[in-house]
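The C-terminal position of the sequence shown is numbered 224 in this note's numbering, with every residue numbered one higher than the one before it.
No lab work stands behind these hints, which were simulated from the structure alone.
Note that the coordinates shown come from a computational prediction; the quantities given were computed from them, not determined experimentally.
Careful, some of the hints might be misleading.
[Unchecked claim] Ranges between beta-carbon positions, derived for each pair:
1) Asn175 x Leu141: 15 to 25 Å
2) Thr37 x Gly77: 38 to 48 Å
3) Gly77 x Ser51: 36 to 46 Å
4) Pro71 x Leu141: 18 to 28 Å
5) Phe78 x Thr109: 27 to 37 Å
6) Ala135 x Thr44: 29 to 39 Å
7) Gly114 x Gly138: 15 to 25 Å
Positions of the beta carbon are idealized from the N, C-alpha and C atoms, including for glycine.
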Amino acid sequence: MNITHILTNRKSLACGLIASAFAAQASASLITFTGGTVTRLDATTETTNNSVLWDNVDYYEEGGFRLDFTPNSGSAGFATNVGNYYGAGNDVIHAHWATGSFGGVEAITISKVGGGTFDLNFFSLTSNTATGGSAASGTELAWVEGFNGATSMGFQLLPSEDWGFPSTYVFLGSNFDNVDKVVFYVTNHVDCFGMDDFYIDEVPGPGGLAMGLIFGGMMSRRRR
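Please put together the full structure from these sequences, using the hints given.
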């Protein structure tokens with residue numbers, strides 16, 4: 001079995017487990033970047049399907065949430081990507097920062113379509129490296145910050161992450177609960193930044209056992 005099949009099967013297993021765990025949690029959302037809508041800078045739309053990569057992305061919508069690259073002037077060409085970026089049959093979101101060598105992205109924002117608050121619980125970090133297509137240097141300063149209106153609810157420094165799979169799950173604290181916007185940004189030289197599998201509005205309680213099973217499945221995707 002090749003690496004593409006392994007990664008695809010692992011993601012299918014994790015998604016199957018998550019679906020079972022979330023069955024009793026009507027408000028919970030899992031954004032996998034598959035089956036959602038890519039809106040490109042020329043206003044054309046595409047649907048992600050684990051096989052195609054789209055560039056020139058303005059924003060992406062799935063499950064009632066929008067992930068928006070800003071500014072549009074820095075999002076052209078290779079700067080913004082959604083889809084099968086790593087060629088592993090697994091859709092992700094991937095940006096090239098203005099501080100690096102390949103793009104002009106200054107921020108990536110998550111918000112609810114139509115407005116409203118949400119809890120961002122955790123997500124998968126697939127790239128956070130100062131060297132495009134390579135290992136991280138360990139000096140990368142990439143951040144995630146939650147907001148409610150104009151008020152910052154807190155921020156968190158993200159770990160450096162080698163380009164591509166396997167990925168690392170990043171767990172967020174209570175300062176990312178009841179937010180209406182989450183913003184990713186960098187404060188030094190970073191080239192590549194990729195993410196996958198956003199877990200939103202996960203409700204603690206009876207689903208804890210199933211989440212334990214999911215966590216076990218996640219370990220196969222964490223960087224050794």
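Any hints this thing doesn't respect? Which numbers, in order? 2, 3, 5, 7
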